[in-house]
Amino acid sequence: MNSKEVKTKLSIMTDMLIVLIVIAAMSVYYYGLRAVAVIGVTTGVCVVTDFICCKLRNKDYEKEISALITGLTLGLMMSASVPYYAAAIAAVFAIVVAKHAFGGHGCEIFNSAAAGFLFTALCFPQNMLTYPKAFSEIPISSVVSPDILSSSFTSTFLVTKSADLSLIDAFIGKFSGPMGTGFVLLMCVAAVFLMLRRSVSAITFFTELALLGAYAFFKYDKDIMCVLYFFSSGMLLFGMIFLSCDYSIIPKTRSSRFIYGVVFAACVIIFHSYSSTENAAIYAVIISSPIGIELDRRALSFADMINKRKGLLKKANKPLNHISETLEILETNEQEK
Amino acid sequence: MELMGKIMMTAFVAVFVENTIFSRALGTSTLVVIARSRKNLFGFGLSVTYITALISVLTYFVDTLFISSNRYVYMPLVYVTILGFVYIITLLCMWKFTPKLFARIRKYIHISAFNCAVLGSMFLISKYCETLSDYFIHGLGIGLGFVFAVYLTAIVYDKIYSEKAPYAFRGYPLMLIYIGILSMAFWGLSGHTLNY
Amino acid sequence: MANDNSCKGIIKNALLNKNPILVSGMVIAPVVVMANNFWDAVTLIAAFSLITFFTLLISSFVPKNIVYTIRIILYTLIGALVYVPSVIMLKYLMPDEVETLGIFFPLFITSSFIISRSESIFFMETKGKMLLDIIFCIIGYDAAVLLFAAVREILAFGTIGGTIIGMPVQLSAFQNPFGGFILLGLMAALFRSILLFVKRLRQK
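Chains as they are written, first to last, in the numbering used here: chain A, 1351 to 1687; chain B, 1189 to 1384; chain C, 18 to 221.
Be careful, since some hints might not be right.
Quick list of the computed label-pair ranges, beta carbon to beta carbon [as the list claims (entries may be wrong)]: (1) C/145 x A/1405: 42 to 50 Å; (2) B/1283 x A/1560: 30 to 38 Å; (3) B/1190 x C/112: 52 to 60 Å; (4) B/1349 x C/145: 33 to 41 Å; (5) A/1476 x B/1286: 40 to 48 Å; (6) A/1509 x B/1289: 49 to 57 Å.
Hints in this document: simulated from the structure, not taken from any laboratory.
Note that this is a predicted model, so its numbers are computed, not measured.
By construction, the Cβ of each residue, glycine as well, lies at the ideal position given by its N, Cα and C atoms.
Isolated chain A, as found in the complex (with noise of 0.2 Å):
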């Protein structure tokens, strides 16, 4: 690895790093000492987990911050009112075994924080999937008792198609969801500073973007508030950034990546219409994870039979990363031509 691919991964975790901090804020201002209290557990058992991995695998534990950002994306996906015991395990399975279990940072197959909230909600599924309201008065305690908690904004849309929330409240997520999902406003400018940063893949965003909006459009009568509904719920939003878009997942290459949002999109569709499930998204993304490694695999092939074609044999053997500069290459030589 060279020092230009250490620094641009570096950037790329600092970008979402910082982003992830805001929304962690955020969720501090609605939800209080309870959100500190629950990011604090997802963090700092991920960072500890990391740490025991590293030295249990004899490997010498760098002081990268990708378990941070693990640790700060669980987090903001738990239900305010999760007992801690399941966000710390939820920390221990996203680390262990969908990190180091494959072979840490840059390894993986899924994404970490969406494999380990999975397994924690499909365990505990009433805690994990009711929450509290926004300003709510939540106690520092494990466990929250079920009086204050409700189901999801999510699931309300899910069965009715439609909700009784304003334009403002949907924006600035103040309805009862996930700790850090919901404020779109907020996820739109995370998206724009990240794609400008170009620290998330544009095209996926914007592939998934488009065929989701197009899909909501259609599905809810052409009601705008409904497609705003729609991406405002089951961290939908979240997921497209932080979760389909993380580096260490997503394909290498701009084709791949196009038709990685494609399959993103698709299995959101299915999974919204067929089975009603309240994540999507976290489903989602587990299951395209695998497909963005053959994509990439498939426009590698394809390249070097390009490159036999033009008699480039030499530049075949090039890795992923440079697929694009061979691709240009062949473009240059096609105008001299």
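On the provided structure of chain A, position chains B and C as indicated by the hints.
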């Protein structure tokens, strides 16, 4: 149009919602073996799908003939006989009419015919389907679902057997964890554990 | 180690180095789906042991000059015939548990033991060593399944053999097939680590 929709829905359920590997774990041992070789994937997948589709039709006719309270005792014998019959006829036809294809697939045709996914499909179809079209579409769907699962596992073979993975996890344990995580995601489609 | 054909080597391979479920990945489906608790696992291993042992024993007498295509069909037919008295006997002894097994009971007829391992390993050995290998492979499988089911029951239900042991947390995801896959993967990794650790200790 309605019939087409029903067929598509049945096929979708058989391939994705009630996927042989991810939802029912049938044929996992075969998947572990066959995912190692990406070259034979297409041939293997085609032979499994062909066998499940064909035996599903034969199972329909057999089920209409054998109706008894002691089915669970002797039906495995009947199903294995059908499977053996289809296996022999297929091999004979291929040996006679397409010897090159026969030479290519003879190494793995027995695994594609005699495995838990194929035999399990006969029991499941017999339990949950009623009409001939249901039997056939489910049989076809089970075969395609198995192939889909094998493909999803084969595409990450390099990562699962990579030297970067810890030795304790490399290969078989990681394959199980990978199938488990994917299975978690597919579980979301059905939302409950399926009956057997 | 891999080519050790002595009795000790055969036993060691069958129980540890090539344990059917924790190393070789054989007959995974019933374990992942059905071995949710200790008593279900007992029924599972009873069914598996009966069908596998008697099928392999009888199949070992099938003449090897019969073409492979027919031999493989004969093995499964023998398995289906062995299944009949096995299911009648187990249904008499534990009717509810056999009902729970569902389609996985007859699926042992086409298990990897009977379809592939028989031809590649068992039937290449002398009769005595073959019997030893089969018996200890079955013991290795049974022991691993019981251990797996016990751990799974503790994690998923907080009980063992139906007795509550007071676990603070119950991870209900392990009740489902996906939980079975993940837990089996983790146990296989742990087993491999232990084997490696013991091997390094011996080398020192």
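Now for the hints, and whether the structure bears them out:
{"no.": "1", "hint": "C/145 x A/1405: 42 to 50 Å", "in the structure": "48 Å, holds"}
{"no.": "2", "hint": "B/1283 x A/1560: 30 to 38 Å", "in the structure": "53 Å, violated"}
{"no.": "3", "hint": "B/1190 x C/112: 52 to 60 Å", "in the structure": "43 Å, violated"}
{"no.": "4", "hint": "B/1349 x C/145: 33 to 41 Å", "in the structure": "37 Å, holds"}
{"no.": "5", "hint": "A/1476 x B/1286: 40 to 48 Å", "in the structure": "57 Å, violated"}
{"no.": "6", "hint": "A/1509 x B/1289: 49 to 57 Å", "in the structure": "52 Å, holds"}
Of the numbered hints listed earlier, those contradicted by the structure are 2, 3, 5.
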